[in-house]
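Number of protein chains: 2
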Amino acid sequence: MLITEPLDFELPEPLKLDCGKELKQVNIRYETAGKLSPAADNAVLVAHALSGNSHVCGRYSADDTKPGWWDDMVGPGKAIDTDKYFVICSNVIGSCAGSTGPRSIDPDTGKPYNLTFPVITIRDMVRAQKHLVEHLGIKRLLAVIGGSMGGMQALEWAINFPDMVDGVIPIATTSQLSPQSIAFDWVGREAIKNDPRWNGGDYASDQVPEGGLSTARMLAHITYLSDESMSRKFGRELQDTDRYSFDFKRDFAVESYLEHQGRRFVEFFDANSYFYITRAMDYFDMARRSGGDLSKTLSAAKATFLVISFSSDWLFPTAESLKIVSALLKNRLNVSFCEIQSGYGHDAFLLEVDALGRMVRDFLRNILEVRRG
Amino acid sequence: MLITEPLDFELPEPLKLDCGKELKQVNIRYETAGKLSPAADNAVLVAHALSGNSHVCGRYSADDTKPGWWDDMVGPGKAIDTDKYFVICSNVIGSCAGSTGPRSIDPDTGKPYNLTFPVITIRDMVRAQKHLVEHLGIKRLLAVIGGSMGGMQALEWAINFPDMVDGVIPIATTSQLSPQSIAFDWVGREAIKNDPRWNGGDYASDQVPEGGLSTARMLAHITYLSDESMSRKFGRELQDTDRYSFDFKRDFAVESYLEHQGRRFVEFFDANSYFYITRAMDYFDMARRSGGDLSKTLSAAKATFLVISFSSDWLFPTAESLKIVSALLKNRLNVSFCEIQSGYGHDAFLLEVDALGRMVRDFLRNILEVRRG
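Protein chains in written order, with my numbering: chain V, 1 to 373; chain U, 1 to 373.
Isolated chain V (complex conformation):
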């Protein structure tokens, strides 16, 4: 059984941010699994998605029933094999799972930042990760891998620190958030704003805006599934009844499921973090940095790429992955691409472990072979 533990690393210096501000005393919560080789050439960084955390694999104790969020993919003998690779996963800044975020104490005031926390970008998240990687004695990562927002981070690694990464695996992601996704993010934040408990981001820890946050999550959750998977999973089935109730309580199984997802989410996620992380995604636009020319932005990259999309993902559809592939090919980079057939929608990156695992396993082995010559 793989036992992991959360660790903390405080950045040695203030973190310079894209917004122009600096963030002081930045803590990075992270976990590792496997062993770093003497040559420090087997490190794989896993980047997590919006609601993820550093607990990517394993359990915290022998009787811990809940493994890490990508435990199906990462562990001894698994696709990202911790018998071979040294796996690192760090909680992104701005989040609420240990790394410095809007609910952290501002050292200048002694109070929680809340909305005085600076608006961060995906690139800022990656800049913080880079400090961690260096702290761990790694000059060059074997690979960076991530789905959704994790894929955005993988792309940022490729162009910001091209000499620090051999392989990049962006999964179910995009090079720029679409207006439709920006719109969904906007509505989710509006739902939180409408909750009087949110109070402009200034709430006590026992008075959090549960209603607003769970509504935002339910909305986002719809975008993670597909019409097909919802039809297969729930259809129009009623929950605990065989006839319409003719009221506004939940009648349908899909309503009950959403309710459950919303309720669960507010138990571990923070409303202000929801603001900061969705905004970081809204601002993610690699082409914009080169006047709209994605291939120009990606010309900084040197890595070998494995780009993966899922056929029913309508949040980050295959067309978005193909834009990335096409821009990488223009730069004559080594790129493999696969669209995995799946009915699970965007969530497929967490569920299609067999197909995904096979490709990731082979890719990592090849990269390691090339590196070791």
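In case anyone wonders, no lab produced these hints; they're calculated from the structure.
Treat the hints with caution; some may be incorrect.
All copies of an identical chain are treated as equivalent in the list; a pair is satisfied when it fits inside any one copy or across any two copies.
[What the hints assert, rightly or not] Once the Cα atoms are required to be at most 30 Å apart in a straight line, the calculated DSSO-like pairs of lysine-lysine come out as:
# : residue 1 : residue 2
1 : K24       : K249
2 : K35       : K296
3 : K233      : K296
4 : K330      : K35
5 : K233      : K84
Quick caveat: nothing in here was measured; it's all calculated off a predicted structure.
Start from chain V and add chain U according to the hints.
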């Protein structure tokens, strides 16, 4: 210039509802355009969508700048030609544009119904319309036409009053709301519930839950557009700025657009009506009435059908229209079907007036010719 005026009709008896209750003193707000022929054989009923009303065409006065919601389709010389046809459009019960709804006064208490208003169905809406049609001296409609929820009403006409309608034109609609749409409706209502002003549906007219209602509308609005139309219309353009503001105010044109749509909506639409009408759509499921067999339910129909969908409509996609077509064909009914190529998403039924208009015009002419022999 076509001048129309809103009229009222009070049902002569209480309206029996699907939920088992009765609704007393039901008022129907409606408008008509064109002239009913002496044989009363040229009447076309237009059924409106969620946020629509009885003002389908024309203007209320010579200096009225805002025509009816389908004025591009309905009027002298237009596809639904008021020089030829007698056009009727009535506001659905449960709505807030003149017909009896949750904000109407309950005659038993002298106070607004609010959430004591019975939960209604699409079939209930159509039952009320039938009384109006009879009141107007029409034994048999030439056609019933409607998009989205209007299409659901058209289908209900076909099977509930098969001897009262010659032609049925369901546009951009479905025979049963999908779990994905039920989910979006649920989240929209949750957003309203979170607004403390909503107060369980019991709010003063000058203290309406604007925040919640506008959030629900913004969400729904995303589902009316397509990823393609949003990309073409807004892309990632910024509004009134050339750089990210690094805050949570609106930066993007699409955010500004949604804000505008939300603000506009609360000026004319009511939060409780939003509850009742979305619930009526959630409950819409024609197959369920025959144990899941749509063709069995539709076997009651006698009309000639023109079914129309739009290629980029992901709310009520073409596959849903094809289910209807297939079930009608099993019953050996006369059916024409067309998927109109459009990038506008669900909203196309209001926008693709040229393609839509040509088909509707021909269909009505044919139906009238057949009727007049």
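Here is how each hint holds up against the structure:
1. K24 / K249: Between copies only: 25 Å across chains, 47 Å inside a chain, cut-off 30 Å.
2. K35 / K296: Answer is neither; intra-copy 37 Å and inter-copy 64 Å both fail.
3. K233 / K296: Between copies only: 25 Å across, 43 Å inside.
4. K330 / K35: For K330 and K35, neither the intra-copy (37 Å) nor the inter-copy (65 Å) Cα distance is at most 30 Å.
5. K233 / K84: Intra 37 Å, inter 49 Å, cutoff 30 Å: neither.
Hint violations for this structure: numbers 2, 4 and 5, all remaining hints satisfied.
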